[in-house]
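Asker: These protein sequence lines map, in sequence, to chains A and B. FYI, the working numbering numbers position 298 of the first sequence as 298, with every residue one higher than the one before it. FYI, the working numbering numbers position 213 of the second sequence as 213, with every residue one higher than the one before it.
What the hints contain is simulated information worked out from the structure, not anything from laboratory work. If you're wondering where the values come from, they're calculated on a predicted model, not measured in any experiment. Every residue, glycine too, gets a C-beta built ideally from N, C-alpha and C. Among the clues, some could well be false.
Stated by the list, open to error - Facing chain A, from chain B, some residues (calculated, C-beta under 10 Å): (1) R46; (2) G49; (3) H109; (4) G156; (5) E255.
To be verified - Anything over 12 Å on all C-beta distances counts as not near chain A; from chain B, calculated: (6) G23; (7) I108; (8) P248; (9) Y323.
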Amino acid sequence: MRVPLAWLRDYVELPADPAAVAEMLALLGFPVAAIEKRPVITGVIAGRIAELGKHPNADRLQVGRIEVGDGAPLTIATAATNVAAGQTIAVATIGARLPKLTIERRKMRGLESEGMMISAEELALPDEWFEDGIMQFEESLQPGTDVVEYFRLSEAVLDVEITSNRVDAMSLIGLARELAAYQNVPLRAPELSNPGEGAGGAKANVTIESPDCRRFVSQIFTGVRSGSSPAWMRIRLALAGQRPINRLVDISNYVMLETAQPLHFYDAAKIPNHHLIVRDAREGERFVALDGSERELSPQALVIASETSAECLAGLMGARSSEVTDQTAELILESANFSGARIRRTAGQLGFRTEASSRHEKSLAPALTAVGAARAAQLLVQAGAMPHEPVAFGQPLSAAAPIDFKISDVKRLLGYDLPPQEITERLDGLGFKVEPADGMLRVVPPEWRTDVTCSADVIEEIARMAGYDLIASEIPAVRAHEIASGDYRRERKVATTLAALGYREIVTYSLHGVQVYDKIRRAGVEPPARPVEVQNPLSEEQRYMRHSLGPAMLTHLARANGPDRAFEIGRIFYTEDRQPLETPMVFFAFSAAPQNEPEWHDENFLRAKGDCEAFLRAMTGRSRFETAADERDGFHPGKTGVVLMDGREIAVVGEVDPRLVRTFGVRLPVYACRMILSALPPYDVPQFQPPSKFPSTYRDLALVCDADVPAQRLESALRTAAGAWCTAATAFDEYRGSQVPAGKKSIAIRVTLQKPDATMTDAEADAVIEQAVSTLRADFGVTLRA
Amino acid sequence: MNLVDNLEDLRARFEDALKNSAGAGSLDAVRVAFLGRSGEVTAVRRSIGKLPPAERPAAGQRINEAVEKMERALDEAQANAEALEVGASLSQRIDATFPAVPPRQGSIHPMKRVMHDVCAYFERHGFAVVVGPEIEPDYYNFDALNIPPDHPAREGFDSFFLTPNLLLRPHTSPMQIRTMQQHRPPVAVVVPGTCYRRDAVDARHLYQFNQCEGLLIDEGVHMGHLKGMLTGMCREIFGAEQQVRFRPSYFPFTEPSAEVDTTCPLCRGAGGECRMCGGSGWIELGGAGMVHPNVLRNVDYDPDVYSGWAFGFGVERMALVRYDVDDIRRFFENDDAFLEQLA
Ligand SMILES: [Zn+2]
Numbered sequence: 001m002r003v004p005l006a007w008l009r010d011y012v013e014l015p016a017d018p019a020a021v022a023e024m025l026a027l028l029g030f031p032v033a034a035i036e037k038r039p040v041i042t043g044v045i046a047g048r049i050a051e052l053g054k055h056p057n058a059d060r061l062q063v064g065r066i067e068v069g070d071g072a073p074l075t076i077a078t079a080a081t082n083v084a085a086g087q088t089i090a091v092a093t094i095g096a097r098l099p100k101l102t103i104e105r106r107k108m109r110g111l112e113s114e115g116m117m118i119s120a121e122e123l124a125l126p127d128e129w130f131e132d133g134i135m136q137f138e139e140s141l142q143p144g145t146d147v148v149e150y151f152r153l154s155e156a157v158l159d160v161e162i163t164s165n166r167v168d169a170m171s172l173i174g175l176a177r178e179l180a181a182y183q184n185v186p187l188r189a190p191e192l193s194n195p196g197e198g199a200g201g202a203k204a205n206v207t208i209e210s211p212d213c214r215r216f217v218s219q220i221f222t223g224v225r226s227g228s229s230p231a232w233m234r235i236r237l238a239l240a241g242q243r244p245i246n247r248l249v250d251i252s253n254y255v256m257l258e259t260a261q262p263l264h265f266y267d268a269a270k271i272p273n274h275h276l277i278v279r280d281a282r283e284g285e286r287f288v289a290l291d292g293s294e295r296e297l298s299p300q301a302l303v304i305a306s307e308t309s310a311e312c313l314a315g316l317m318g319a320r321s322s323e324v325t326d327q328t329a330e331l332i333l334e335s336a337n338f339s340g341a342r343i344r345r346t347a348g349q350l351g352f353r354t355e356a357s358s359r360h361e362k363s364l365a366p367a368l369t370a371v372g373a374a375r376a377a378q379l380l381v382q383a384g385a386m387p388h389e390p391v392a393f394g395q396p397l398s399a400a401a402p403i404d405f406k407i408s409d410v411k412r413l414l415g416y417d418l419p420p421q422e423i424t425e426r427l428d429g430l431g432f433k434v435e436p437a438d439g440m441l442r443v444v445p446p447e448w449r450t451d452v453t454c455s456a457d458v459i460e461e462i463a464r465m466a467g468y469d470l471i472a473s474e475i476p477a478v479r480a481h482e483i484a485s486g487d488y489r490r491e492r493k494v495a496t497t498l499a500a501l502g503y504r505e506i507v508t509y510s511l512h513g514v515q516v517y518d519k520i521r522r523a524g525v526e527p528p529a530r531p532v533e534v535q536n537p538l539s540e541e542q543r544y545m546r547h548s549l550g551p552a553m554l555t556h557l558a559r560a561n562g563p564d565r566a567f568e569i570g571r572i573f574y575t576e577d578r579q580p581l582e583t584p585m586v587f588f589a590f591s592a593a594p595q596n597e598p599e600w601h602d603e604n605f606l607r608a609k610g611d612c613e614a615f616l617r618a619m620t621g622r623s624r625f626e627t628a629a630d631e632r633d634g635f636h637p638g639k640t641g642v643v644l645m646d647g648r649e650i651a652v653v654g655e656v657d658p659r660l661v662r663t664f665g666v667r668l669p670v671y672a673c674r675m676i677l678s679a680l681p682p683y684d685v686p687q688f689q690p691p692s693k694f695p696s697t698y699r700d701l702a703l704v705c706d707a708d709v710p711a712q713r714l715e716s717a718l719r720t721a722a723g724a725w726c727t728a729a730t731a732f733d734e735y736r737g738s739q740v741p742a743g744k745k746s747i748a749i750r751v752t753l754q755k756p757d758a759t760m761t762d763a764e765a766d767a768v769i770e771q772a773v774s775t776l777r778a779d780f781g782v783t784l785r786a
Numbered sequence: 001m002n003l004v005d006n007l008e009d010l011r012a013r014f015e016d017a018l019k020n021s022a023g024a025g026s027l028d029a030v031r032v033a034f035l036g037r038s039g040e041v042t043a044v045r046r047s048i049g050k051l052p053p054a055e056r057p058a059a060g061q062r063i064n065e066a067v068e069k070m071e072r073a074l075d076e077a078q079a080n081a082e083a084l085e086v087g088a089s090l091s092q093r094i095d096a097t098f099p100a101v102p103p104r105q106g107s108i109h110p111m112k113r114v115m116h117d118v119c120a121y122f123e124r125h126g127f128a129v130v131v132g133p134e135i136e137p138d139y140y141n142f143d144a145l146n147i148p149p150d151h152p153a154r155e156g157f158d159s160f161f162l163t164p165n166l167l168l169r170p171h172t173s174p175m176q177i178r179t180m181q182q183h184r185p186p187v188a189v190v191v192p193g194t195c196y197r198r199d200a201v202d203a204r205h206l207y208q209f210n211q212c213e214g215l216l217i218d219e220g221v222h223m224g225h226l227k228g229m230l231t232g233m234c235r236e237i238f239g240a241e242q243q244v245r246f247r248p249s250y251f252p253f254t255e256p257s258a259e260v261d262t263t264c265p266l267c268r269g270a271g272g273e274c275r276m277c278g279g280s281g282w283i284e285l286g287g288a289g290m291v292h293p294n295v296l297r298n299v300d301y302d303p304d305v306y307s308g309w310a311f312g313f314g315v316e317r318m319a320l321v322r323y324d325v326d327d328i329r330r331f332f333e334n335d336d337a338f339l340e341q342l343a
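Okay, chain A solo, but in the shape it has when bound:
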């Protein structure tokens, strides 16, 4: 909310420095987003045009003799056309400083001009909101009056943020009340009696058909004259960000800014029988708002209607048909209270908001209806209108329920003690009524506060007034509890392990556009059939939830100039039984130059597998893993393995489908490993096996077998066949080609043998090997390569 400091100072004594006021507001819970300083303007005074005539040498100029109080009248030429003798206008005298210029003595077409008649723009006011031409003042403003000082135009404007629970403070008086209580100085609020009270006269009849209108104060004013508002009101409204319209509309806006209660004025001549009905809109009911916009309503909207048509969208905006104009002589005031939820829903559905609705939708206090009406009545009377009796319709005002508040709760929740006397004073400053009652205080919130309903709310009020700085830092002694950190610790260990293995962590967006699926499809791969879709994305780039960490990883690797390595820990999303579900994953990958190697071998794959096994070893404490060749979406059909532990799949490792790699713009082959975080077995502490003291020996075997026999099967068959003395059987070379028959390969495996209690002799070793080889010959048809 824009708060002109000059206006705020009407109600409360404040420090001169706007920054000090802003700081105070921040410490009260109303942070100031910006302090808008006003430009320095000097030498501008009010002048009365005593005479006005044509410039002797220029058709398009006029020359005025301007009375400026004590000094001699000034002769000033102007090109403006909205000037006339008798007007009181803004005059910049010689030497005056304006935002963009300094006034000097100068000749205009041979005639010396002793100053300049100026417009709202030269006073740094939004000129499109003021008269076209020279700024006009009321006759009552004495010529010679310093304009900047009189209208306090040098005072800053604060942009104050008001939390949604404090709609009462979306007003000048509301904020002034807070500042007064905080500084312990009086609040100078306008006296709020309605001049129509007891006046009798005409009454507007209101029928409330909807429970969403809780209260409606109506009041008729006759002898109304519109026209433009006095300069002080127009300037205040403009600085507060509200466009001045005419005297009547300006009064309703002024009262809303001052008291938080939005008002609406109807031209009484347009309301048959002076009868207003608060009801649901009819399906398809047309409504032309006073800004000219046209809408078709649904029963969702609440309207205030005459007997014939909707005349106001409740809480939002009035209708053009009963708008007050310069011809309006009699008006009906509406100061009403609506259900905040209803107004918010309607505003959301119709897609428009107003200053009024931004207050209504936060649920104003019903008691403010009388306040708003009274203040408007005062201003209308000042403007020459005649007030009639205000009439309240709807639910009677009920006093707020008292809150029994334990004094000891201050210490319990804030950590410090305050004497009851001080608590009472603090609350009193904010308008609360406090009565002591047996270790407790019985607290009744003021009628304008609907947000204080329990003891904790009262404590916050006390803390705000005493100052949050009174809360002293203390480290709690946290008692032992049973809550475990398992999942998070695993995630953190995954990250540190992969970082240690040389991978760089990335964090990417979980939402993406349809382009990702287009790319996948272009690669000849089927995208997920039922992706998780966001119903209300801000842009099409946020339409879908990622089904894999792969696309973002490929996009990342595509940006690198050469080989790169990265990992990501994050959730993927999918649909099952129409339910959107999520799973935390880890995905690591590297891009690497292809090696010059035969088609049946890929060193980069073995590196990826090595990283995967090292990772699994750190995570699980195990050191032996089985891999089975397999196919998986997104991976190369012939270069992919699944890693099994106790027969359960825990990881997929392989080359990423080269079609995807290419479509996502990576110029090098990519190898990756993906794991479901929750599928990772828990860490199993490895147990020490004392190694044999006796030397081991080994035999290297070159076995010729069918090309499709996996090395891992030969290894494990050898280990089994070689018996208990075999400590390892590890393939270390592979050959296919002219030296072995077609469809065959030669695999070199080193078998290591060791006895726990003696040195193994060559003869023993040879016997074991011979036995093992003959078993393999029988089971796999292997032969020893010569």
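Following the hints, put chain B with the ligand in place on chain A, whose structure we already have.
Answerer: Only chain B with the ligand this time, still in chain A's reference frame:
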């Protein structure tokens, strides 16, 4: 050939081999060839068997003498060769200023590092770290947190919806409810995790971000404990001199509520023309407060017995301040230069 000639011939060939050997390594080969188990000397020794028994002791004696000489010569040659090698090594001169060969090193994402540091701080003080789903029903996101339907505060959590009542969590606070539903007090947890809000993206705003939530519930827990823990956390993340300031604020799930500020680490609170804090000397971290009695009631905790606090801070924002990053979007761009500098 007789034995003497044999030995003579052996000695000559041994000396040749010694002369031709280069360095300590090839001396081993000479040793094996002549003195090894199946070396030349062994062959000569075997020939003793062919001699008449009376000549055998003398022959053995001569062979032993020859072997002794060869061994001495070998040892000497060995010592010389090693001395030469060490000498050659010591005379080497390299350029120690030449750039290092970098190890293959990965890194933790800077935002995640801040998250880990925050969690580690709270773990040291007895808090557990729990994580929860990113898709949450509106009950956990709002209703249980004292934000009923039509509450104006729901607008502050402008959320992405997947179904009419399932949404991407706009804050980590649903885990407050889940944790309290599963455990009785004392409850002491931090909740790191990804959140989503329909915010327009700019240098200070993201639609996807990470939050770190904290929750402590027990008898006698007050707002001073919150300030104490947050001050400690800020000192861990930003520096030893950090101060923490509370300002009143409003969140439906806490009462009293506070905005938490910490000293601007760049200007150390001086303000002025500081680009980090805009001259206020303070950095806004996020919201906090005493858990609202209605929230405690929603999980069957008695608010007259138990009290506690919660906070929720944006992790990217903390990282932005800690590493003086100019644009918050960088935390999702994964630019190599960015990750490398903050590795
Ligand atoms: Zn700073």
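Asker: Take the hints in turn and mark each one as holding or not.
Answerer: Here's how the hints hold up against the structure:
no.: 1; hint: R46; verdict: violated (23 Å)
no.: 2; hint: G49; verdict: violated (27 Å)
no.: 3; hint: H109; verdict: holds (4 Å)
no.: 4; hint: G156; verdict: holds (7 Å)
no.: 5; hint: E255; verdict: holds (4 Å)
no.: 6; hint: G23; verdict: holds (28 Å)
no.: 7; hint: I108; verdict: violated (5 Å)
no.: 8; hint: P248; verdict: violated (3 Å)
no.: 9; hint: Y323; verdict: holds (14 Å)
Of the hints listed earlier, those the structure fails to meet are numbers 1, 2, 7 and 8, in rising order.
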